[in-house]
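Going line by line, the protein sequences match chains A and B.
No gaps in the numbering here: position 702 of the first sequence is 702 in full-length UniProt numbering, and each next residue is one more.
No gaps in the numbering here: position 697 of the second sequence is 697 in full-length UniProt numbering, and each next residue is one more.
Rather than coming from a laboratory, the hints here were simulated on the basis of the structure.
Bear in mind the structure is a predicted one, so any value in this text is a computation, not a measurement.
All C-beta atoms, glycine included, are put in the ideal place defined by N, C-alpha and C.
Treat the hints with caution; some may be incorrect.
[Stated by the list, open to error] Lysine to any residue pairs mimicking SDA-like chemistry, simulated, CA-CA at most 25 Å apart:
#, chain 1, residue 1, chain 2, residue 2
1, B, K533, B, E394
2, B, K759, B, G738
3, A, K72, B, D580
4, B, K477, A, V576
5, B, K398, A, W70
6, B, K187, A, T66
7, B, K65, A, T66
8, A, K300, A, V141
9, B, K187, A, E180
10, A, K550, B, L569
11, A, K674, B, V68
12, B, K398, A, S575
13, A, K518, A, Y384
14, A, K537, A, K560
15, A, K187, B, D181
16, A, K65, B, D181
17, A, K477, B, K560
18, B, K72, A, Y672
19, B, K65, A, S591
20, B, K72, A, V634
21, A, K72, B, I586
22, B, K72, A, W590
23, B, K65, A, T178
24, A, K479, B, D476
25, B, K72, A, T66
26, A, K479, B, I574
27, B, K714, B, I766
28, A, K674, A, R594
29, B, K589, A, G69
30, A, K209, B, W184
31, B, K243, B, D476
32, B, K589, A, S575
33, B, K560, A, T475
34, B, K187, A, D181
35, B, K589, A, E416
[Unchecked claim] Negatives, chain B to chain A, calculated, CB over 10 Å:
#, residue
36, S12
37, N42
38, V168
39, E225
40, Q228
2 protein chains.
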Amino acid sequence: MNQDYIKPDNWSIIEEGFDVERVKSSESLFSIGNGAMGQRANFEEAYSGPTFQGSYVAGVYYPDKTRVGWWKNGYPEYFAKVLNAPNWIGINVEINGEKLDLYRCRSITNFRRELNMKEGWYQRSFDITLLNGIEVSVKSVRFLSLDLDEVGAIKYEVTPINHDATVVFTPYLDSGITNEDTNWDDKFWDTYDLSQQGDSAYILSKTMKTEFHVCTGMLNQIFLEGEQKNIYPKVETNSTYVKLNYSIVIPKGKTAGIVKFGGYTVSLNHKEKDLASASTTVLKQASESGFDALLDLQKKAWSRIWEMADITIEGDVKAQQGIRFNIFQLNQTYLGKDARLNIGPKGFTGEKYGGSTYWDTEAYCIPFYMATKDQVVARNLLTYRYNHLERAIENAEKLGFTNGAALYPMVTMNGEECHNEWEITFEEIHRNGAMTFAIYNYHRYTGDYSYIPEKGLEVMIGVARFWHQRATLSTDKNKYVILGVTGPNEYENNVNNNWYTNYLAKWSIEYCIENINKVKAEYKSDYTRIIEKTNLKQEEINAMSEVAEKMYFPFSEKHKVYLQQDGFLDKELISVSDLDSSQRPINQKWSWDRILRSPYIKQADVLQGFYMFEDQFTKEELALHFDFYEPFTVHESSLSPCVHSIQAAALDRMDQAYTFYLRTSRLDLDDYNKEVEEGLHITSMAGTWMSIVEGFGGLRIKNDTLSFAPKIPKEWKGYTFNVNFRNQILKVNVSQEGTSFNLEGDHELLIYVDDKEFKISPNSLITI
Amino acid sequence: MNQDYIKPDNWSIIEEGFDVERVKSSESLFSIGNGAMGQRANFEEAYSGPTFQGSYVAGVYYPDKTRVGWWKNGYPEYFAKVLNAPNWIGINVEINGEKLDLYRCRSITNFRRELNMKEGWYQRSFDITLLNGIEVSVKSVRFLSLDLDEVGAIKYEVTPINHDATVVFTPYLDSGITNEDTNWDDKFWDTYDLSQQGDSAYILSKTMKTEFHVCTGMLNQIFLEGEQKNIYPKVETNSTYVKLNYSIVIPKGKTAGIVKFGGYTVSLNHKEKDLASASTTVLKQASESGFDALLDLQKKAWSRIWEMADITIEGDVKAQQGIRFNIFQLNQTYLGKDARLNIGPKGFTGEKYGGSTYWDTEAYCIPFYMATKDQVVARNLLTYRYNHLERAIENAEKLGFTNGAALYPMVTMNGEECHNEWEITFEEIHRNGAMTFAIYNYHRYTGDYSYIPEKGLEVMIGVARFWHQRATLSTDKNKYVILGVTGPNEYENNVNNNWYTNYLAKWSIEYCIENINKVKAEYKSDYTRIIEKTNLKQEEINAMSEVAEKMYFPFSEKHKVYLQQDGFLDKELISVSDLDSSQRPINQKWSWDRILRSPYIKQADVLQGFYMFEDQFTKEELALHFDFYEPFTVHESSLSPCVHSIQAAALDRMDQAYTFYLRTSRLDLDDYNKEVEEGLHITSMAGTWMSIVEGFGGLRIKNDTLSFAPKIPKEWKGYTFNVNFRNQILKVNVSQEGTSFNLEGDHELLIYVDDKEFKISPNSLITI
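Isolated chain A, as found in the complex (with noise of 0.2 Å):
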């Protein structure tokens, strides 16, 4: 842990008292989003000291060109860089001619924030004496609506203290913004028109290349002692802003505010010569709204969200605010609205990784949205990557394989890959496999198998394509190998054989002839439209089911596990309990090529496969790989604990769960990677809703329905998590004493506990 000054509360983050240090880390945390745009916790007013400006709207991305020391032959033209977008929070505010600036003041007190999160909004207040002696009291509230996803409002109120004073609000718009991550200091933005009309403006600017047009609005309400005040505003203007400023003498101990509404439609959702005034209407209707009733609405939003989305803990205000903060931020980055967003890495809290979509989603963050959300929202995730099917072909293509062929991409943003090393962009391909065991996870524990034959199988068809053209035979072993890759643990490059590559390529395989078989038996006309456009013939067919039967998988006789690659017990196995707690994290004090000669696993790999693949193996089996890698493994990846601490559950190790859960749970709120600054780590979030619900919960599907297996850490009293299963939710209660299931939903669900058979009836509650 590096900080601890987040206040421990059941439903907020909060910080109290102002450190310039804390700014950084704090605009990460109290950063909000609403699935459509998001922004990291910006001061309204200026400040001039350090800060890191960000606002992003979803899908809107710079495809900045390449820039590495040494060019490989099929590296990407271009990294899809996340854009910081142009700004529309700012207000500045002049107080009897004094710039309000808390990097240059005489002194702050009851300097205050919290989000809250049972409710999405974000509140900041502070009392500050200005250099010129005058001191007011500043509150601002702020939160992007969920029902007008185009919108945001923020209430910002000033209370002179000791005088009366003139209080000039600027409210600005500001396209001439720039990103912290630029490979050749291009501009991003150009700026085409701007206007102005009344207490409203809006500019429109486009990006560069990706021709992304945004138009960014603000309509502005002052108020003094709660009652609206008609003030005419002084326009000031340049190319890339356009500012209002709006004087009014406040007295003593009264307190004046502004309320401003702004935010962003952009061309992927209007027609571009629609923009501005799908910018104005939507800024008119929710004036007319007005900040308070807007608030409201978002409260029971966000109600709704966390009737089916919450953890309570009992017991540990630190794990049941840590769990919460990772709910509120998977639900603030995507709400599963749109088929052409996904998950960023960072979401809206940062630039840093580029890009929006990672393997994490389909490895990490599809069962919590499974659970938590109407299925529609998986089937959108499932989709999104459907969509980018003739872009893995490319892809694909690109690094020498045909026909048909598709390597989905290791970062993306529009389907093209984006990354650039050599060792993860061409060689960490079992992303690939990802893909298809997403479609198997959604079917599993969705039931719906109309996506299979719509769309589904297409995928499967592409990647299983891949997996047969990419395995080779070894004459030598007189099996198919797969040569030169880099597993889940990104600690070892360009491995031959690594296990959780070679088994989910056979896995791949396999699941898709199975479902090529099922289609063709049951979904006649899906499939003769799927075998005409993919053109797979019974050879192919015959050939991709070789190289799955005789795929070769490292074992060692010895240690009867699986190998996590060829070689692997030619490396020192020197446990990381008996490495010097000075080499830790190895990311860190060694070089590069230490680490990759060295046994330590960044995260789970062969272990990433038995919990994938939980069911293909014994229990025996699972704790003598678990046995076998677990001390080997450092965790320097944030996707990494949440997997041992399942499978560690499983094992009845729950002091080992429990240790493993408390890596996950508070990762950003007490930055255990001294990089918080930097934004959160959306992804891994969905990580640790999993070591909960089917860690410590034991949520499996087994015989086409929910099995559980609930354990509860000692350090805690109870908790209760909730399932969508299959359009009802089931709400589950652990406690030291037992565990009771209570069904909202319109018939009978057969569920497992602790593999024994159990019937709920709808809205009732049983106990075990």
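Start from chain A and add chain B according to the hints.
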């Protein structure tokens, strides 16, 4: 082959006719150098077409801050860039008010370049009709003096053909130059003084960060019809240039010319405060001798070089031209006078690759310099590495090694590592063994053991310590393994147990211990000093010895060959000849991952080991390995064909040997790799020399003396080469009829020819 505009000629490189498209290629091919400085064949007069300007000063570089896509721990902070130095060759020419510019004129005829390799000068001549209708004949001759190596001289002559003409010659110095290769567009030079007096001027500038101070000077003389004229120049200066304008009226048919002496004095060789006066003095000395006298000295100096280094080929002009071009360029780049200098991969002909020193020097260049120069030259090259030993130890420490283990850099200027690709920088560690091999090779050839107790043993100990620490015990194999390396074949990265690397490691340790024992027995005071300095203990020697003894070598029982690395037989072993030619060169046609998992070999790897340690294997073993690996070798490195050529010759496969030879000897002249614009492949030129002397001539050291196995390609009538062996020159003349040897020396020399002993008396000829 991609070009064939160079006219075949035994002694000169000749281009006829002007072609804008060839300018940059010719700038490389006609480069001149004298070991202390060098320059591309840029025009003296202004040229507004595409050109790559380059003038380079030996040992002067800039540490350009590393720029990579993805930082890996252990990367060096900078890359030493070869620096384009201030321009001293420039002479603007104005004719009746119009600037002479080959890119903007009515017509050019009789354009001709000649690089006279026999005498060491470069000439260019052409007739040009300007836009203003004036027709003039231009001729310029240029050389960099071998005798005064801080001086170059240009004689630039203009003859009006159709009218009298007023010509303004504007010789200038310009330090406002830039690099093509720069990571951050840094400013590389800072100019701090500028002075002009009469016909002379100088500019003092220093490199940023490294603070090399360089005085760039010039001294001009104007001639009309061969008679020197005193013309008072008009002076123009700004902060980075000084120009002298000489105006002269030339009657039609008469010739006026400017002789410009210029060059650099450098703080590597002078005190900073003396740079300007040193420049003035040496330029005065040159001008007092005069252009023609200095050129006569140049011819004599080159004659002395050729006396020892020349190879003649009868019956094949292009082969003759090719081999002389290689020998000439090697001598232009490095003359062995200064142990601070080394042989850059592009010499003084371009910026690419940066740095100056690769393992090319130890593996390819030292044999050439040993056989064609006094042995002090090779000793200087070894001393260069001895002087960098402390830096090599620091470099190893950065990667986690301890106790004086040394890792020599992949690329360096001053001993620090510059390169920044993890798979090369951290993993291509076989380079370290080349340091020990070069010492062994030097002793074997020269018989001079003194270098080892004096300097070499310390290097060997540092290297052996590295291998000791880098190898790890595989408890699975009960053998020492070396994991995560890149061998000479850079089409494999991060492999385990590269045979060449393991073999070199074992040998380096054994040879080091052998010499520790010898120095202990025979050089007691050196031994005491070394043991004290290195703190080497018997236990460490024992432990090293165990690593060497128990080193693991991958071997195929089926094929009876050592495997290039673990798992090589799992590849799809399709030979290059079965590969569709549209797929080649694979480094342009295939993505990097596909190259990596293919069996294709960029340059000799196992065979490189067989080349270096030929006497440790039988001819049958060589044949087995050659037959196994040659079919997979694509020779996409300029350093590859020479090794195969030598081995094919040793195996009596002269057709194959000749084919490989052709690939190396005219690599740049015929621009096989389509990149000669960027500069020449200097270090691989030594490989071409080896192909003839060690390949066709069969030169080896056996029983402490020279051994030959002369063969001759059927395409040639005969060839000759000379070798300096322990201060006697042996001239070898091979023809289709037999071989004759002529010894220039003072004592009888025993040699082997086809394993039979012969005694050669001084100054006598024997024919076999």
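Against the structure, the hints come out as follows:
1. K533(B) x E394(B): holds, 16 Å
2. K759(B) x G738(B): The given pair, whose Cα atoms are some 17 Å apart, holds under the 25 Å limit.
3. K72(A) x D580(B): holds, 22 Å
4. K477(B) x V576(A): holds, 22 Å
5. K398(B) x W70(A): Holds, because 22 Å separates the two Cα atoms, which is no more than 25 Å.
6. K187(B) x T66(A): Given that 25 Å is the threshold and the Cα spacing comes to 24 Å, the pair holds.
7. K65(B) x T66(A): holds, 18 Å
8. K300(A) x V141(A): holds, 17 Å
9. K187(B) x E180(A): holds, 24 Å
10. K550(A) x L569(B): holds, 17 Å
11. K674(A) x V68(B): holds, 23 Å
12. K398(B) x S575(A): The given pair, whose Cα atoms are some 23 Å apart, holds under the 25 Å limit.
13. K518(A) x Y384(A): At roughly 24 Å apart (the allowed maximum being 25 Å), Y384(A) and K518(A) satisfy the hint.
14. K537(A) x K560(A): Measuring from Cα to Cα gives roughly 39 Å; hence the hint is violated.
15. K187(A) x D181(B): Within the cut-off at roughly 23 Å; holds.
16. K65(A) x D181(B): Given that 25 Å is the threshold and the Cα spacing comes to 18 Å, the pair holds.
17. K477(A) x K560(B): holds, 17 Å
18. K72(B) x Y672(A): holds, 21 Å
19. K65(B) x S591(A): Measuring from Cα to Cα gives roughly 19 Å; hence the hint holds.
20. K72(B) x V634(A): holds, 18 Å
21. K72(A) x I586(B): holds, 12 Å
22. K72(B) x W590(A): holds, 10 Å
23. K65(B) x T178(A): holds, 24 Å
24. K479(A) x D476(B): holds, 23 Å
25. K72(B) x T66(A): holds, 18 Å
26. K479(A) x I574(B): holds, 17 Å
27. K714(B) x I766(B): holds, 23 Å
28. K674(A) x R594(A): With a Cα-Cα distance of about 23 Å, the restraint between K674(A) and R594(A) holds, given a limit of 25 Å.
29. K589(B) x G69(A): holds, 20 Å
30. K209(A) x W184(B): holds, 24 Å
31. K243(B) x D476(B): At roughly 73 Å apart (the allowed maximum being 25 Å), D476(B) and K243(B) break the hint.
32. K589(B) x S575(A): violated, 43 Å
33. K560(B) x T475(A): holds, 16 Å
34. K187(B) x D181(A): holds, 24 Å
35. K589(B) x E416(A): holds, 20 Å
36. S12: holds, 37 Å
37. N42: holds, 27 Å
38. V168: holds, 42 Å
39. E225: holds, 55 Å
40. Q228: Label holds. Min Cβ-Cβ 53 Å, cutoff 10 Å.
Of the numbered hints stated above, those contradicted by the structure are hints 14, 31 and 32, listed in ascending order.
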